[in-house]
Amino acid sequence: MSSTANTALALELDGISKAYNGIPAVQNICFKLKKHHVLGLVGENGAGKSTILGVINGVVSPDAGHMRIYGKAATFGHPDEAARHGVATVFQEQGLVPQLPVYENMFLGRENKFSVGGVLRRRSMIAEAQAVLDELQIDNVDPCAVTGDLSFGQRQLVEIAKAFALARVYPVEPIILLDEPTSALSEKEAGKLFDGIQHWRTKASIIIVSHSMADIFRCCDDIVALKDGRGVAQLDAKDTSPDKLHELIVGRKREEEYYKEFRQRKPGERVVLSIQRIRKDPVVSEISFDVREGEIVGFAGVLGAGKAVVASMVAGLTPRDGGEVMIEGKPIASGSSFQAISQGIGYVPAERNLAGIIGAHTLEWNLTLPGLSRVMGRSGMVISARKSAEVTNHWLKRLKVRAPGGGTIARNLSGGNQQKVVFAKWLARGVKVLVLDEPGRGLDVGAKEEIYELIRDIASEGTAVLLISDNLPELIGLSNRILVMRKGQVTAEFQADAGAKPAESAIVKHMI
Amino acid sequence: MSTTTVSTGTSKRLTSRPQALRAYYPILAQFTAVIILIAFFAIQNPLFFSLTNFQNIGMQSSVLLLVALAGTLVIMIGSIDLSVGATVVLATLITAIAVDIYGSAGGIALAVLTGAIVGLVNGGLLVYLKVPSFLATLGMMSVLGGIAGHISGGIAIVYQNWGYTDLVNGSFLMGLPNVATVALLSAVVLAFVSLRTKFGRYLYAIGGGEVVASNSGVPINRFKIWAFVVCGALCGLAGALLAGQVGAGTPAAGSAILLNSIAAIVMGGTALSGGVGGPHRTILGVLLIAILSNGMDVTEVGGFTQEIVKGLVIIIAVALTTDRKKYQFIK
Chain C
-15 MSSTANTALA LELDGISKAY NGIPAVQNIC FKLKKHHVLG LVGENGAGKS
35 TILGVINGVV SPDAGHMRIY GKAATFGHPD EAARHGVATV FQEQGLVPQL
85 PVYENMFLGR ENKFSVGGVL RRRSMIAEAQ AVLDELQIDN VDPCAVTGDL
135 SFGQRQLVEI AKAFALARVY PVEPIILLDE PTSALSEKEA GKLFDGIQHW
185 RTKASIIIVS HSMADIFRCC DDIVALKDGR GVAQLDAKDT SPDKLHELIV
235 GRKREEEYYK EFRQRKPGER VVLSIQRIRK DPVVSEISFD VREGEIVGFA
285 GVLGAGKAVV ASMVAGLTPR DGGEVMIEGK PIASGSSFQA ISQGIGYVPA
335 ERNLAGIIGA HTLEWNLTLP GLSRVMGRSG MVISARKSAE VTNHWLKRLK
385 VRAPGGGTIA RNLSGGNQQK VVFAKWLARG VKVLVLDEPG RGLDVGAKEE
435 IYELIRDIAS EGTAVLLISD NLPELIGLSN RILVMRKGQV TAEFQADAGA
485 KPAESAIVKH MI
Chain Z
877 MSTTTVSTGT SKRLTSRPQA LRAYYPILAQ FTAVIILIAF FAIQNPLFFS
927 LTNFQNIGMQ SSVLLLVALA GTLVIMIGSI DLSVGATVVL ATLITAIAVD
977 IYGSAGGIAL AVLTGAIVGL VNGGLLVYLK VPSFLATLGM MSVLGGIAGH
1027 ISGGIAIVYQ NWGYTDLVNG SFLMGLPNVA TVALLSAVVL AFVSLRTKFG
1077 RYLYAIGGGE VVASNSGVPI NRFKIWAFVV CGALCGLAGA LLAGQVGAGT
1127 PAAGSAILLN SIAAIVMGGT ALSGGVGGPH RTILGVLLIA ILSNGMDVTE
1177 VGGFTQEIVK GLVIIIAVAL TTDRKKYQFI K
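If you read the protein sequences in the order shown, they are chains C and Z. Per the working numbering, the first sequence starts with residue -15, numbered consecutively. Per the working numbering, the second sequence starts with residue 877, numbered consecutively.
Hints may contain errors.
[Unchecked claim] Straight-line C-alpha distance at most 27 Å; calculated DSSO-like pairs for lysine-lysine:
#: 1; chain 1: C; residue 1: 244; chain 2: C; residue 2: 211
#: 2; chain 1: C; residue 1: 381; chain 2: C; residue 2: 371
#: 3; chain 1: Z; residue 1: 1074; chain 2: C; residue 2: 416
#: 4; chain 1: C; residue 1: 432; chain 2: C; residue 2: 381
#: 5; chain 1: C; residue 1: 176; chain 2: C; residue 2: 222
#: 6; chain 1: C; residue 1: 371; chain 2: Z; residue 2: 1074
#: 7; chain 1: C; residue 1: 56; chain 2: C; residue 2: 19
#: 8; chain 1: Z; residue 1: 1006; chain 2: C; residue 2: 381
#: 9; chain 1: C; residue 1: 493; chain 2: C; residue 2: 211
Keep in mind that the hints were calculated from the coordinates and are not lab data. Treat the numbers as computed from the prediction; the structure is a model and nothing was measured.
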């Protein structure tokens, strides 16, 4: 690791580590991006990709490590400085102001160049924007168009153009970070993007973060594989294959203990939840499946494959465009969470803080919310303080929630304990079907294990469980049966009996 | 109660006692403020600390208490009703006209009905047309003000039914004026309803986390509308009582009621972001505002200065109660 400036390198990370609340997000990450190269950053959810992007574009200050941009040591935590060095990020959630015209977005924050005594020279901004678009051969974007009126793909091109526009303000070659660039693009748009990348790379260095092996192998020279916050390898794309790479980023053996496989039981005969040809245009097309009592049915698929929408339709949160959801033969109206809940469906959302728990309220209030009618006094109108406390204490104890009592304010609990309270909400109410959307997300290893134990308990009591997860080992480990989705359709179904679990690679094949 | 905390790593250490105490800090602060205010005004003018004056405070703050309770229900769900003052004004006029035609009961009933309809429209605008409550009720305030102007021609409507004045100002219970009895009774009922019924719990849930409430099966829209309807009806009742106290329907006074009620709600600890506080907290807020207003009157602080003081009090109270973690951006 010589510290002398190496001009052939655009970017160099050396020993980057970062922890949040004591949980390491990335550890000792080292890699190099050569000038005019395209580097792919791959890894599962939670492998640390976003943290690394954040470090490079200056949003995240790492706890340790160094970064050099064009050979010069960079200080961390200053997005503006990163921008001045040419680093530009194209995010999944786009960073453009929809109300502004394209040319203003392209020079947002860099207007000084066009300012005469505080007044912007509109015409030269437009001309400059057009010049950048021309140079990039982007011919389907009008610099004067209102950004919000453009398609997603067009807006993405604007973001890329914005990165190159930077190079006109600061005399540096841009380093462009693309975060999941194809996740919301059509096949054709994605093709155009990759053609563009081949053209643009002569004037820039590019890092692509992607779930999709296909994307990575389509355009990258180098690949950095991440696993659990560590860099496992930097490879030459020519010397590796998707299979090999996948092994690297998943690479851990499934731990049967962890997922309580020995507790997996054969599902009952009785069908509890029956889904018939539900669809949501254009994200989910005609999906049918049954969940039996005590069965855990898992849904696999990449981000945007439609599995979360299926969960949301079953829970009655998203209105469906067709098809039936039935519980024990009784149909449930579309988009009525109220009816779904009263028929016995419980929903544990992926976004715990936004959708699962009210942070400002006590555990007791949170826990009794879906089943208030069950803690009413004899009149049926007034909440019985005694019953409410009884129910709360029973479930807090049963689920081993670590809290002083039901009066504790929910936001003061750790994520794992909050998640247990979300489960308790439904268990206290009594459910026939539990829909779990990413139940382990954001939890540390120990908390996850407790949640898995809980899921096994719930299934053993005969509840039908629908499990949505981006975490494949979790999905395989917990499910009795796995449905794989791609682009809104079920592409495969796997039996996942204890001791005879399908391999991840077999499932991934149907995901991408 | 005491679950032993043997954490596997990162769960925060929780000890029950300091946390429980901390929950009472705001209420302790309010009591302290009440005592300091009373002491301060009593030193400034000994007449302040007299039974007659405390009865005065009770009389003056009854209508304010009703309106503040009404507004609390809406602020609890994270919305706001700026039309409460205008609703009260319109209700005083309706009462003044109706008591001479339909008698006392008819006057009260019509005023309450008027308020409920206003609330229904406000709630409908929010829920079905997705007009933010701030704007819907701001517009409603102007509309109601105009209607009040048309009805009254800008001057007070004096009614002849003296029996109504006697009813409102008379006393059925322990020498307490009936207007105060009604206000206190409403406070008790609403506090109970908020804390111990489904209606109340749902309002808290909607304000605390609308998505969570919806996911938990709370019919959000229905309860939002109900919050506005009950708020409007209470404002109607407040208007009827105000007309009874004054002996006439008054076309003015709407903006003072609005400002004072919001000040009282926020001082009481119901955050504008919703989900915390509630009617039981507003009672203390009203007491603070009532003592502050009366004290400034008794110590002959000018009207303009009073407005400045109350405005500042609102700003400081909001600054102290805002849950900054809940917002990414303040607009």
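Here is what the structure says about each hint:
no. : hint           : in the structure
1   : 244/C - 211/C  : holds (23 Å)
2   : 381/C - 371/C  : holds (15 Å)
3   : 1074/Z - 416/C : holds (23 Å)
4   : 432/C - 381/C  : holds (18 Å)
5   : 176/C - 222/C  : holds (23 Å)
6   : 371/C - 1074/Z : holds (14 Å)
7   : 56/C - 19/C    : holds (14 Å)
8   : 1006/Z - 381/C : violated (42 Å)
9   : 493/C - 211/C  : holds (20 Å)
Checked against the numbered hints given earlier, this structure breaks only hint 8.
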